[in-house]
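Numbering (this note's numbering), first residue to last: 530 to 574.
If you're looking for bench data, these hints aren't it; they were derived computationally from the structure. All C-beta atoms in this analysis are idealised placements derived from N, C-alpha and C, irrespective of residue type, glycine included. There could be a bad hint or two in this list.
Label pairs and their in silico Cβ distance ranges [to be verified]:
| no. | residue 1 | residue 2 | range |
| --- | --- | --- | --- |
| 1 | Asn571 | Gly535 | 48 to 58 Å |
| 2 | Pro544 | Lys568 | 23 to 33 Å |
| 3 | Ala574 | Gln545 | 17 to 27 Å |
| 4 | Ser539 | Val560 | 35 to 45 Å |
| 5 | Gln546 | Lys568 | 45 to 55 Å |
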Amino acid sequence: MPPQQGQFQSQPVQPQQPVQPVCSKCGAPLVAGNKFCTKCGNPIA
């Protein structure tokens with residue numbers, strides 16, 4: 530049965546996986562605690 534006005538259907542909840550931060554210059558995964566990218570040396574903000 531389709532939803533009537535004023536009603537809504539919720540989507541199933543998907544577990545979210547943590548997002549790995551990446552370097553804004555080269556896209557390499559960043560290591561927590563580092564001040565520079567280990568691949569290209571770009572400073573991490």
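Status of each hint after checking the structure:
1. Asn571 <-> Gly535: 48 to 58 Å: holds (51 Å)
2. Pro544 <-> Lys568: 23 to 33 Å: holds (30 Å)
3. Ala574 <-> Gln545: 17 to 27 Å: holds (23 Å)
4. Ser539 <-> Val560: 35 to 45 Å: holds (37 Å)
5. Gln546 <-> Lys568: 45 to 55 Å: violated (22 Å)
The structure is inconsistent with hint 5 alone, although it conforms to all the rest.
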